[in-house]
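As a plain string of letters, each chain reads:
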Amino acid sequence: MSTTPHRHSAPPANKGLLAVAGVLLALPIIALLLVGTYAKDEPRLGGFPFFIWYQFLWVAITSVLTYTAYRIVLKARPHVPMTPEGDAFLDRDAAGTTGTTGTGDDVAPEGDAR
Amino acid sequence: MSALATANEAGVNGVALAVLIFFFVVVAMAGFWAARWRRPTSMESLDEWGLGGRSFGTWITWFLLGGDLYTAYTFVAVPAAMWAFGAVNGFFAVPYTIILYPIIFIFMSRLWSVSHRHGYVTPADFVEGRSGSRGLSLAVAVTGFLATMPYIALQLVGIQAVLEVVGVGGGGNWVAKDLPLFIAFLVLALYTYTSGLRAPAIIAFVKDILIYIVIIVAVIYLPSKVGGWGHVFDAAENKMTTTTNAATGKPNVFIPGPGAYWAYATLALGSAMALFMYPHSITATLSAKSRNTIRKNASILPAYSFLLGLLALLGWVAIAAGTKPVGLDGKVNGQLVIPQLFEDMFPSWFAGVAFAAIAIGALVPAAIMSIAAANTFTRNIYKAWIKPDATTKQEAQVSKITSLVVKAFALIFVLTLDKSNAINFQLLGGIWILQTFPALVFYLYTRWFHRWALLAGWAVGMVYGTVAAYNVTNQATGAPFAGSVANMPVIGQLGYIAVTAFAFNVVAAAVLTLVLRAVKAPEGTDSTVPADYFADAGDPRVQKLEVGPHETTPSA
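As you go down the protein sequences, you meet chains E and Z in turn.
Using full-length UniProt numbering, read the first sequence as starting at 1 and increasing by one per residue.
Using full-length UniProt numbering, read the second sequence as starting at 1 and increasing by one per residue.
Only chain Z is shown next, with the shape it has when bound in the complex (with noise of 0.2 Å):
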């Protein structure tokens, strides 16, 4: 196999193209399928078409979780970070995903329990009941529409990725080029329009289990292929201390220094914070059926955070491997990394298998996300500001028209834009979306903070976040946005511009509550009892009216 050397000579890879388009298919119509599997009697409602009939039990949840947390941007991003930079660009995103399961464990049962009681579908609908600020809860809506966007156009990225390696999508003309992405986009629109998040449900079972096999079998078996680990890590420490990262000027990382503790702490503890903060990370939570599933899942889920690591590691055994991801059009590409390792390594059908795993790892989350944002659309800007009295059936049927228009966007966004554009969007929705933290973390447990100084913390950390992003120059190109990291204030080391910007958000929000409760300006109405923080399935639900369409009597 390593006769062919990189795709653009090898052209296309027959076999690896046809197991690829083979198991699209059968996930194309596992997805039409899923609209029949635990049917309920009508679609039409969010509870049903948006959240999978809130019904999902641990092994589902946790496939969906598994799924939708580990995109298939991060399965080709971690690696090739790991290859172009290192240990800090790279391997946070282990202890990102370590750490992020005691957190949640921590708060999102109670947001499960207020979210059941009170048929809350969307973080923001849970900020608006509990503040009783409509503003409020269109500042949360708002960023998390904004920072999924660039977050489901990425995994087209992925997809992208895997086309490019196979010899697919380097045509000259428009057709020959989009087309197969293209095709993959309409089909999972559509899936996702008839059967909503049942879909990505089902279709996780086949993608983790792909991603699975994929991993497992590819870090027993291409670290003997290029000499062992000793000689992969001893590769690696090689190139990453004799080479700098262009964009930075710094020296890449094998092992973070001193000066590099306070960055890789900060960027694991930023995005393990912002994770559940994203609404695709709640619509997954929100469709389990009990209180603790997702705390029962918080210690099932590491086994994910555990093949990230094997994942981040194979960046490693590229560079071992002498690996030259070099792009359709003669770049190097640091994206295709991870797909050429396994194009150059693996037999052709193990490759495809390989590159169906990111593929199907692409649609997943970007199902979710989509049906998230359009969940987040329909209900915190359509029905909160457009038509107050929609009913369920009109909510419903504007999420699944939302949910089309959402990926036609990413789809143009991909396809006429630079790819960086997406990337640095990206980078500015991790930031934004952790400015979200405090109203709804900080709510689930009081309401010492004051709604307006909520908002005004809110503001800060966004606008210090994005003008902090900005200011990261990159050193070679002189373009804005170069990375995550910068310079914190007091501490004076590098770190997470999120946290810094979390942290501003949160002082600016206690000062604020301090003042307006000096002033006596008015407080929100609560429409939460404390009572609804511990509600488990089977509790009697707040809104007795809108009861499913499948039940006939309230589930009380």
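The following block holds chain E by itself, in its conformation from the complex (with noise of 0.2 Å):
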């Protein structure tokens, strides 16, 4: 696919990053397997088992590792224009001195978020 230079399978991503978003992932997945580390009643918060308040806990936790993931992976593997073809993506070099027409509408990586 990438024959050239300048055009790439995938886009260009750093992979330290991508590990780092896969780590972050990975944590409340084996967290919660351990059901033994988490299995009893005390120490009770409000009232509430430690096996109950605990898991309550990974709620909140998951969700700011997964939206954390999700920054990390943006900035990881930002979003480059494909080819008119669409079989391959040029890096921002590429895109910035060819004046790729057709493809040239860049969405923003969040182009979902308002």
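Source of the hints: derived by calculation from the structure; they are not laboratory data.
Some hints here could point you the wrong way.
Have a look at the derived ranges for each label pair, beta carbon to beta carbon [to be verified]: (1) Asn-14/E with Trp-349/Z: 53 to 61 Å; (2) Ala-13/E with Trp-448/Z: 16 to 24 Å; (3) Asn-14/E with Ser-420/Z: 28 to 36 Å; (4) Tyr-445/Z with Val-23/E: 43 to 51 Å; (5) Gly-46/E with Val-26/Z: 46 to 54 Å; (6) Leu-34/E with Gly-227/Z: 32 to 40 Å; (7) Arg-7/E with Gly-57/Z: 25 to 33 Å; (8) Val-529/Z with Val-23/E: 28 to 36 Å; (9) Arg-134/Z with Leu-45/E: 54 to 62 Å; (10) Val-23/E with Asp-329/Z: 51 to 59 Å; (11) Leu-146/Z with Val-23/E: 32 to 40 Å.
Quick list of in silico lysine-lysine cross-link-like pairs, BS3-like style, CA-CA up to 27 Å [to be verified]: (12) Lys-40/E with Lys-331/Z; (13) Lys-331/Z with Lys-250/Z; (14) Lys-250/Z with Lys-324/Z; (15) Lys-324/Z with Lys-225/Z; (16) Lys-40/E with Lys-239/Z; (17) Lys-239/Z with Lys-225/Z.
Beta carbons are placed, not taken as given, at the ideal position from N, Cα and C, and that holds for glycine.
The two chains are supplied separately, each in an independent frame; assemble them into the complex guided by the hints.
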């Protein structure tokens, strides 16, 4: 697919940042599957057994972690325009210098964020 | 209010019923009006009717997915399980709906991108395009269709539970008993027919707002009426440690002991992996307008998980409150515990609001599920096998009619057969749908697995899962399908059958892939390219001839 230096089959990505996002996403899965670490009554919090409030706590933690992962992924692999044939992505240099037609409307990565 | 101890003594609760009918009428009008919302030039394509024009932003998607995934049946069944059997049967829904979001964060964007590029409407569309195997695509489509059907039927059970507590639907003759449910579903069927996915998208706003209000009021107000949360948990502990589950012959569970760790973890993991294999989850995802909408939603959808956890605890509040969920037939029915708790403890008008929240909560997923099942039938059975040259207009027409048929079937299913059939079938559906995970998710990343091996793995998982579920016998009645956990081979602990079947599925697919490669079995044609998996809104579509009817030029 990517035959010339400026054509890529996937938008260029920062692999290190993607790995960080992967770790953030893995944390809640691992924590909650280790049932033995939280299947206990004490300490209670406001009458709630540890088993209950600990899992509620992970609802909030997971929300923060996935949002952080979302921001990281946007930064790690920003969207770049496709070729008009739609078989490859151009990097920012190529997109800028060739003045692409048709695909020029590089939607902001947060196109749906109002 | 507590004087009206049980519904069958109190008769029809007029105020609650009036409030319920009021909200139902509002929602029905919104459903018909939805056809004009974000109005396309033409509704006659699956992109418009079945996916809302693939145009929904973050907040609409949030309401739509929340309304879609957290169904009325969930709202009735999870607290019912907490009330009757305790944490393993009920509270696993919380870790399930937490780890769900990191999982879908990872792969759903790729599915969105490739579907956007190729105009895929269903998961089976993607599998066919990627594998070049019509057989594998058909297997995925049929599994999705079969798993969705009982889920739609169970939404009716949610409405029935509400109607029964209000005091409607207990009459001896057919008209008094089933007519309210019949009317509710007829109206639902009509506005789904005219408005497509736009109808549940609009109604989801009403449903979710009502549900949030009701649950927040309930968790603040109710515990104070029964002596505080500490007392609630003590009462639950007391009940759970002194009773046994008649079906399994095992003690009920307040907090899982070491013997239940695997069951709790595998129920959460298996359910989380399975949920986005259902066609209705995919439908709501593909209706989003950009690649990252679903990822952003993964960080705000846990709000519903928090709500579900609180709702689950209401099952234990009902224990402390001494709620007696007795049906109009005079028998104890755990499914009635939440509606009954609301009727006992709330003023009539607020009980009506709560009942409306549950009943409308059934309409949204029932609409989306019937659209998803109809799209699956149209694309992967009708177009793939019966009429390959169907136009987009014909596709939309077939899908609209199928959505009616699907709902009629669900209604007949619930009205004529015992409810336990729908529940057993839904339990099986959860096991079956997970067996499509390798074909759908592995294919998003790799074509290493051979298409025939994936098909064989699917068959292995389906057969093993069905047999294992059948063999779970009710200790009290001897009936099969008494639960979804069974002994896991090798590990030797109780675990979710779907996960065990999935493991066999993957192993079989991997081994057969090696064999098929060794004998050089023919590979299918991949109609996707790597760039497809990263495309976003605004990138050129592949099928330039099949542009939406509202567009005069290809979207590039």
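> Among all the numbered hints in the text so far, which are the ones the structure does not match?
Replying inline: 3, 4, 5 and 12
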